[in-house]
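Can you make the complete structure from the sequences, with help from the hints?
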Amino acid sequence: MLTRLPDGFSALVLGASGGIGRAVIDALLASERPGRVMVSAARKPHIPIPASNR
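Residue numbers (this note's numbering): 1 to 54.
Please keep in mind that the hints were generated in silico from the structure rather than gathered at the bench. Fair warning: there could be bad hints in the mix.
Unchecked claim - Just the calculated beta-carbon pair ranges, DEER-fashion:
1. D7 with R43: 27 to 33 Å
2. T3 with M38: 18 to 24 Å
3. A42 with D7: 27 to 33 Å
4. D26 with P6: 16 to 22 Å
5. T3 with A42: 29 to 35 Å
None of the values given here were measured: they were computed from a predicted structure. For glycine and all other residues, C-beta sits at the position ideal for the given N, C-alpha and C.
Rendered as structure tokens:
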């Protein structure tokens, strides 16, 4: 789905606690390209952090 992302991309997802924001985060984290995902939400989203990103 996100094949056009460059290696080393940075993404900021606003509204991360909502359904659409969460789906975008899931897609970005599942991307085969290495990158950085930052989130912002009015409520604290439950986003598991993969061990490789800790």
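For each hint, the structure was consulted:
1. D7 with R43: 27 to 33 Å: With Cβ atoms ~32 Å apart, the hint holds.
2. T3 with M38: 18 to 24 Å: Given a distance of about 21 Å, which is inside 18 to 24 Å, the answer is holds.
3. A42 with D7: 27 to 33 Å: holds, 32 Å
4. D26 with P6: 16 to 22 Å: Holds, since D26 and P6 (Cβ atoms, about 20 Å apart) stay within the stated range.
5. T3 with A42: 29 to 35 Å: With Cβ atoms ~31 Å apart, the hint holds.
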